[in-house]
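Trainee: Given the structure of chain U, go ahead and fit chain H onto it with the hints provided.
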Amino acid sequence: NAGVTQTPKFRILKIGQSMTLQCTQDMNHNYMYWYRQDPGMGLKLIYYSVGAGITDKGEVPNGYNVSRSTTEDFPLRLELAAPSQTSVYFCASSPISTGELFFGEGSRLTVL
Amino acid sequence: KNQVEQSPQSLIILEGKNCTLQCNYTVSPFSNLRWYKQDTGRGPVSLTIMTFSENTKSNGRYTATLDADTKQSSLHITASQLSDSASYICVVSEGGTASKLTFGTGTRLQVTL
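Residue numbers (the numbering used here), protein chains in the order written: chain U, 1440 to 1551; chain H, 293 to 405.
Because the hints were derived from the structure by calculation, they are not lab data. Wrong hints could be hidden among the right ones.
[Unchecked claim] Dumping the calculated DSS-like pairs for lysine-lysine here, alpha-carbon to alpha-carbon at most 25 Å:
# : chain 1 : residue 1 : chain 2 : residue 2
1 : U       : K1496     : H       : K392
2 : U       : K1483     : U       : K1453
3 : H       : K392      : U       : K1483
4 : U       : K1483     : H       : K293
5 : U       : K1483     : H       : K363
6 : U       : K1483     : U       : K1448
7 : H       : K363      : H       : K349
8 : H       : K363      : H       : K293
9 : U       : K1496     : H       : K293
Bound conformation, chain H alone:
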């Protein structure tokens, strides 16, 4: 069964600090991996989409990495801000279509003063 596991489940960091969120997956065949940010009470918003050939992809202070061999991805947040407080969801696509997406349960990040 296709699975996406995220760690940690939750994380609290001080404003200005960096953090890294992890995603391990067993989805096969692999097409792409996505990271979404979901603010409390809002819909998910796309941060990055990475294909098999992409190792690193940045979006402002967010940098995602992908190791397709070990089936691992990470999302690194640099110089965190209070507005980064949200859930971060890792999503893996099987076969390319959005009807074949497997969602992780997310990492809840809280950035404090």
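Just chain U, same shape as in the assembly:
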């Protein structure tokens, strides 16, 4: 069972570069989320989706964009990377809005 798969696991970007973090889930969950985890801080919600074609902003959306063209995929786009976006990013999915979250293994991004 793959669950939630994130790629890449590690990436170093230069300031101003752009990239996409990929997230795929094979559990047919409608709800998907992107979080960032910074040292000493709780996870913060960046964007979320309640189904294909529907996305909404979370607590810290600035500098990011998402799309949800299929139930399985929820990519996170970073435009014009900044050092403040250095973080560990987690994708998660859930079968219902109130249900258990299933997390991916994380993507560690460093912006220099």
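Mentor: Okay, now just chain H, sitting in the frame of chain U:
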């Protein structure tokens, strides 16, 4: 502002010993409280989800308690094992949806021989 405070920040215990982690929250309205285990370099994994009406919930050697009146929860780990070494994160849901979750900063537990 909704907040989740966890204590202690870190803890070292001997293998086989018990320990209790604390979580205090000010999230309102309250829907449910979750405990997650996060191994180093991995994603969080759910241990329990407790609703307002649940006082105690167990998952193997992990037992979570909830006092909704005092807005406190605890996670008790019995007969600790080396594999219990991880961060334990308390998460409180406001209004029920996962888009309204407030995460604590976690308690880092180290179990040693």
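Trainee: Are there hints from earlier that the structure breaks, and if so, what are their numbers?
Mentor: Every hint satisfied by this model.
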